[in-house]
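Which chain is which? The protein sequence lines are A, B and C, in order. Residue numbers for the first sequence follow the UniProt record's numbering, so the first one is 1 and each next one is one higher. Residue numbers for the second sequence follow the UniProt record's numbering, so the first one is 1 and each next one is one higher. Residue numbers for the third sequence follow the UniProt record's numbering, so the first one is 1 and each next one is one higher.
FYI, nobody ran anything at the bench for these hints, they're computed from the structure. For every residue, glycine included, the Cβ atom is placed at its ideal position computed from N, Cα and C. Among the hints, a few may not be true.
Claimed, not checked - Lysine-lysine pairs mimicking DSSO-like chemistry, simulated, CA-CA at most 27 Å apart:
| hint | chain 1 | residue 1 | chain 2 | residue 2 |
| --- | --- | --- | --- | --- |
| 1 | A | 105 | A | 129 |
| 2 | C | 261 | C | 158 |
| 3 | B | 20 | A | 212 |
| 4 | A | 62 | B | 21 |
| 5 | C | 165 | A | 62 |
| 6 | A | 104 | A | 2 |
| 7 | B | 117 | C | 261 |
| 8 | C | 188 | A | 129 |
| 9 | A | 108 | C | 165 |
| 10 | A | 133 | C | 261 |
| 11 | C | 162 | A | 133 |
| 12 | B | 117 | B | 220 |
| 13 | A | 335 | A | 259 |
| 14 | A | 239 | A | 259 |
| 15 | A | 272 | A | 259 |
| 16 | C | 162 | B | 20 |
| 17 | C | 158 | C | 264 |
| 18 | B | 30 | A | 74 |
| 19 | C | 162 | A | 131 |
| 20 | A | 104 | B | 20 |
| 21 | A | 272 | A | 168 |
| 22 | A | 15 | A | 2 |
| 23 | C | 162 | B | 21 |
What the hints assert, rightly or not - Some chain C residues near chain A, calculated using beta-carbon distances under 8 Å:
| hint | residue |
| --- | --- |
| 24 | 172 |
| 25 | 173 |
| 26 | 185 |
| 27 | 186 |
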Amino acid sequence: MKQVELMDVSKAYEKQQYVLDEINLSIEEGEFFVLVGPSGSGKSTLLRMIAGLEDITDGTLKINDKVVNHLPPKDRNLSMVFQNYALYPHLTVEQNILFGLNAKKVNKKEQQKRLKETAEMMGLRNYLKRKPKQLSGGQRQRVALARSVVSESPLCLMDEPLSNLDAKLRAHMRIEIRRLQKRLGLTMVYVTHDQVEAMTMGDRIMVLDNGKIQQVGEPITLYNEPANLFVASFIGSPKMNMGNAAIIDQKLVIEGVLKIPVDPADVATLTKNNGLTVGIRAEHIFQGTSENTTHELEVINVEQLGNETLLTFEIGKELWTAKWLGQWRVDVGDKVPVHISTKNISFFDTESGQLMKPASIINEQEVVAI
Amino acid sequence: MNEMTIHRESLATVDFEKVKKRQRMGSFFKGILFLLPSIVLFSVFLFYPMVRTIYLSFFLTDNSGVPTVFVGLDNFTNIFSSPIFQQSLQSTILFVLYTVPGAILISLFLAVIANEKLRGIGIFRTMFSSTMGISVAAASVFWMFLFHPTMGWLNQLLQVVGLDGIGWLTDPKWALLSVSISTVWMNIGFTFLILLGGLQSIDSYLYESADIDGAGYFYKLRRITIPMLSPTLFFVVTVTLINAFQTFGQIDMLTRGGPQNETNLIVYSIYQEAFMNYQYGTASAQAIILFLIILVITIVQFKLGERKVHYQ
Amino acid sequence: MTMPLHQKVIFYLLLSISAILIFAPAIIAFLMSFMPSQDILTGKIIPTSLTLDNYVQVFDRSPLFNYLINSFVVSVVIMLGQLVLASLAAYAFVFLNFKGRDALFFIFIATMMVPFEASIIPNFQTIRDMGWIDSYTGLSIPFFAMAFGTFLLRQNFKQIPKELKEASEIAGIGDFRFYLTVVLPVAKTSLVTLGVYGFLTSWNMYLWPLLATTNDSVRTVQIGLRQLQSQEQLNEWGVIMAGAIIVVLPTLILLFLGQNKLQKGLAEGALK
Ligand SMILES: Nc1ncnc2c1ncn2[C@@H]1O[C@H](COP(=O)(O)OP(=O)(O)OP(=O)(O)O)[C@@H](O)[C@H]1O
Ligand SMILES: [Mg+2]
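Make a model of the complete structure from these sequences and hints.
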């Protein structure tokens with residue numbers, strides 16, 4: 001069943017200046033749906049429109065197949081977690097969690113039952129009598145989650161709930177939220193600007209830029225087949241290596257420097273346009289063996305991450321990064337042999353930015369189904 | 001059933017504008033409801049009186065203030081040709097010139113010396129702000145005694161030095177000054193409190209970096225303290241200025257406008273004209289003048305403030 | 001950063017001299033209230049003996065106790081009225097969104113420019129026509145609406161995160177309930193500040209109680225003091241001073257207790 005459905009939804013704060021432009025989207029029941037995009041792209045606005053905190057300028061919003069454009073937030077049967085947690089500073093944790101239930105006239109016995117369950121689940125049992133000021137950031141976060149859980153609303157909205165936490169706690173909370181959502185069967189709409197968060201948490205991701213949907217899909221799809229240059233460079237870390245390219249003499253010439261042979265079958269489709277941009281993931285610039293080395297590139301920077309090594313090369317005016325598994329003793333200035341194949345390269349139309357041909361080899365080799 | 005829902009939905013889509021309109025009306029009424037008590041009281045005790053005062057200023061009235069004869073601007077020409085009102089305006093302006101700079105300079109001095117981090121400074125701060133808690137009536141009683149021609153401490157002090165006593169409140173030459181002195185004293189508490197608050201909100205890193213540069217005490221005072229304090233000073237000047245024009249209590253207690261109308265400040269003049277002489281028309285005309293004076297001050301201060309004051 | 005010793009001495013000297021000068025009128029009055037009238041009339045500075053006689057006298061000769069009760073009632077009522085009206089208005093200006101809000105806010109600003117002293121004539125007539133002369137109502141209601149208080153609270157409410165309001169909206173908590181159960185408790189400190197300020201100014205009010213009271217039934221303590229002073233034939237300064245000391249005592253105590261808060265609160269309302 002469709003939990004949330006947006007049809008041609010637009011938003012303008014001032015006349016004619018659309019912050020969101022004709023958004024079409026449906027979110028399934030029980031789905032963990034992530035909204036991701038750079039700052040100012042309209043994520044919060046979209047979320048707040050679903051919540052009913054922001055007017056919908058145009059289009060239709062349905063929740064549970066009912067048009068709710070005109071309903072106030074309280075009648076939409078949803079809960080929301082804010083970036084700053086929005087805990088009432090003068091109330092104890094317990095009162096904070098129960099605050100909304102009083103308004104909904106849930107009876108006292110039921111309240112206590114839910115409180116007990118939720119506190120147990122969130123590990124807040126020992127903090128119920130404390131004020132928010134006396135809690136750590138992570139604990140406050142948990143109280144905010146508890147408040148949302150206790151309402152038993154099927155739809156939960158979160159706006160960058162983890163961005164005030166340190167890296168370690170954030171990684172931990174990601175898993176907790178994810179587990180919670182699955183366990184309670186919540187439909188989650190989750191806003192973040194952090195693509196790692198999006199990739200690791202989402203069942204599906206929507207990439208938003210400048211008020212327009214760039215792509216909606218599963219994390220792996222977005223990674224392997226980015227619909228356009230924006231998604232290609234936004235998803236994945238380190239970001240996808242890009243370069244201008246042209247087909248000259250049946251060969252792909254990238255940034256006027258790298259020459260790679262192309263499958264003659266593709267030449268026709270790729271030369272149709274005048275501008276061609278190629279992209280290749282860092283892990284697809286392999287170390288060359290004596291048989292398959294295609295290029296020798298000069299290393300201009302090395303980053304040792306322990307389990308993998310990042311090497312940076314200069315390709316024309318672009319900097320490309322290669323990610324090699326294991327520890328490689330390479331010095332800046334060394335020339336290293338690499339293997340680059342067109343099978344790993346995605347092709348984009350420079351002008352429209354649209355994907356023309358995704359990297360072909362990924363699907364066959366790397367996705368392992370268990 | 002299915003069809004029904006679809007049907008309803010399409011109806012709902014049509015009705016959005018109406019729903020929105022209703023919601024806007026709802027929030028408008030809610031807003032007004034929250035503001036209603038204030039709006040009603042402002043209307044009854046502020047806006048209506050303002051209009052009514054203007055209206056009355058064009059009329060002669062009977063003893064209970066009911067307008068009887070329309071006289072146009074006569075009330076205004078009358079008061080401006082009346083030597084008593086002229087005297088009153090002049091005294092008011094002199095009074096303002098004595099009390100505003102007086103209170104502010106003294107309070108500024110007190111605030112600056114009370115802003116140091118010294119042991120026991122809290123006691124001094126409390127003492128300096130204490131006059132804020134002393135009512136006009138009580139303060140007037142205190143000063144009345146100090147000004148007393150024979151028993152008063154001021155004249156006793158003069159005698160000790162070998163000077164003749166002064167008729168502080170009875171001598172036309174001195175009365176306005178005496179009232180001003182007591183007024184400055186009464187105002188010190190409030191002005192001090194506000195200025196001290198302003199001083200304390202200046203970031204200490206400004207002083208620290210000046211210390212590193214080796215700046216002296218007075219250099220810091222002139223280059224950091226005073227400029228950073230200017231918004232507060234600005235506020236204090238406005239408030240004391242407006243208060244000075246509205247002075248009433250100490251006049252009523254200390255001099256009743258005398259001697260020879262020397263201390264007949266404008267609000268006292270309005271009070272006498274209206275509630276002693278029952279001349280509500282001319283009293284209203286005077287009230288309009290007071291209102292205009294305060295309006296002009298507020299506007300001038302606002303314009304000046306926008307330009308000159310250093311806001312952070 | 002500690003001050004050199006000689007600088008410290010200078011500061012303490014300045015502070016002490018200023019404190020003596022500022023406090024002198026009050027101290028003198030305080031001393032005199034305990035001096036026998038013989039001492040005062042002969043112009044003694046150091047009393048020969050101390051007595052509570054003046055305090056006994058002042059309660060005997062004037063209905064001072066009644067005046068005190070009246071002032072207390074009027075001040076508390078004004079204080080509460082101001083708190084309720086100002087907080088409701090500030091709530092609307094901060095948390096409600098409606099057409100005409102900014103215009104109304106501008107009108108509130110404009111009220112600060114209308115001096116109460118310039119509108120006493122119609123106000124007196126209004127109170128008289130409503131039969132509110134010599135009543136607590138007439139003494140207090142005209143002061144309930146207060147632009148300054150509204151600003152001070154608005155300033156403070158603005159610091160409450162918008163998300164609290166939004167979270168309440170989602171939970172289905174109405175505006176009035178949010179105002180009562182969240183905004184008021186969270187802004188407690190500034191409410192206290194405003195309350196102290198309101199009480200102080202009401203207690204010290206002079207012109208209006210003078211106009212709005214004609215007999216002792218609801219006369220406030222300030223006007224009582226005026227009566228005392230003008231009725232005293234014999235120049236019994238000790239008794240008058242005792243009255244004055246009693247009048248200032250409640251406000252001075254309140255001021256000493258709330259000085260810090262008052263200072264911060266006033267600066268906030270005034271400057272931001
Ligand atoms: N109340 C408002 N009035 C006018 N413009 C607004 C308002 N709120 C947001 N905007 C504009 O709408 C656009 C989208 O804002 P939004 O808050 O949705 O971005 P976001 O994607 O959540 O960004 P971030 O990651 O920084 O939170 C921005 O350009 C912003 O300037
Ligand atoms: Mg946002």
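How the hints compare with the structure:
1. Proposed proximity of residue 105(A) and residue 129(A) is supported: the alpha carbons are some 22 Å apart, at most 27 Å.
2. A C-alpha spacing of about 18 Å is found between residue 261(C) and residue 158(C), which places the hinted pair at or below 27 Å, so the restraint holds.
3. Among the hinted pairs, residue 20(B) with residue 212(A) is consistent with the structure: their alpha-carbon atoms are about 26 Å apart, no more than 27 Å.
4. Distance check on the hinted pair: residue 62(A) and residue 21(B) sit about 20 Å apart at the alpha-carbon level, within 27 Å; holds.
5. Distance check on the hinted pair: residue 165(C) and residue 62(A) sit about 24 Å apart at the alpha-carbon level, within 27 Å; holds.
6. A threshold of 27 Å between alpha carbons decides the hint, and for residue 104(A) with residue 2(A) the separation of about 25 Å falls inside it, so the pair holds.
7. Simply put, residue 117(B) and residue 261(C) have alpha-carbon atoms about 19 Å apart, close enough for the 27 Å limit, and the pair holds.
8. The straight-line distance between the Cα atoms of residue 188(C) and residue 129(A) is roughly 21 Å, inside the 27 Å bound, and the hint therefore holds.
9. At most 27 Å may separate the alpha-carbon atoms for a hinted pair to count; residue 108(A) and residue 165(C) meet this at roughly 24 Å.
10. The straight-line distance between the Cα atoms of residue 133(A) and residue 261(C) is roughly 22 Å, inside the 27 Å bound, and the hint therefore holds.
11. Restraint check for residue 162(C) and residue 133(A): the C-alpha separation of about 18 Å stays at or below 27 Å, so the hint holds.
12. With a C-alpha separation of about 16 Å, the suggested pair residue 117(B) and residue 220(B) falls inside the 27 Å cut-off, and the hint holds.
13. This hinted pair checks out: residue 335(A) and residue 259(A) have alpha carbons roughly 17 Å apart, not beyond 27 Å.
14. Under the criterion of a C-alpha separation no larger than 27 Å, the hint pairing residue 239(A) with residue 259(A) is consistent with the structure, at around 22 Å.
15. Between the alpha carbons of residue 272(A) and residue 259(A) the distance comes to roughly 19 Å, so the proposed pair stays at or under 27 Å and holds.
16. Between the alpha carbons of residue 162(C) and residue 20(B) the distance comes to roughly 22 Å, so the proposed pair stays at or under 27 Å and holds.
17. A threshold of 27 Å between alpha carbons decides the hint, and for residue 158(C) with residue 264(C) the separation of about 16 Å falls inside it, so the pair holds.
18. Simply put, residue 30(B) and residue 74(A) have alpha-carbon atoms about 18 Å apart, close enough for the 27 Å limit, and the pair holds.
19. Straight-line distance between C-alpha atoms of residue 162(C) and residue 131(A) comes to about 19 Å, which keeps the hinted pair within the 27 Å bound.
20. This hinted pair checks out: residue 104(A) and residue 20(B) have alpha carbons roughly 24 Å apart, not beyond 27 Å.
21. Distance restraint check for residue 272(A) and residue 168(A): the Cα-Cα separation of roughly 48 Å exceeds the 27 Å cut-off, and the hinted pair is therefore not satisfied.
22. Between residue 15(A) and residue 2(A) the alpha-carbon distance is near 31 Å, which puts this suggested pair outside the 27 Å criterion.
23. The straight-line distance between the Cα atoms of residue 162(C) and residue 21(B) is roughly 24 Å, inside the 27 Å bound, and the hint therefore holds.
24. Proximity of residue 172(C) to chain A holds as hinted, the smallest CB-CB distance being about 3 Å (cut-off 8 Å).
25. The closest approach between the C-beta of residue 173(C) and any C-beta of chain A is roughly 5 Å, which is under the 8 Å cut-off, so the hint is satisfied.
26. With its C-beta approaching chain A no nearer than about 4 Å, residue 185(C) sits inside the 8 Å limit, and its interface hint holds.
27. For residue 186(C), the suggested interface contact is upheld, since its CB lies about 5 Å from the closest CB of chain A, less than 8 Å.
Taken one by one, the earlier hints fail for this structure at numbers 21 and 22, listed in ascending order.
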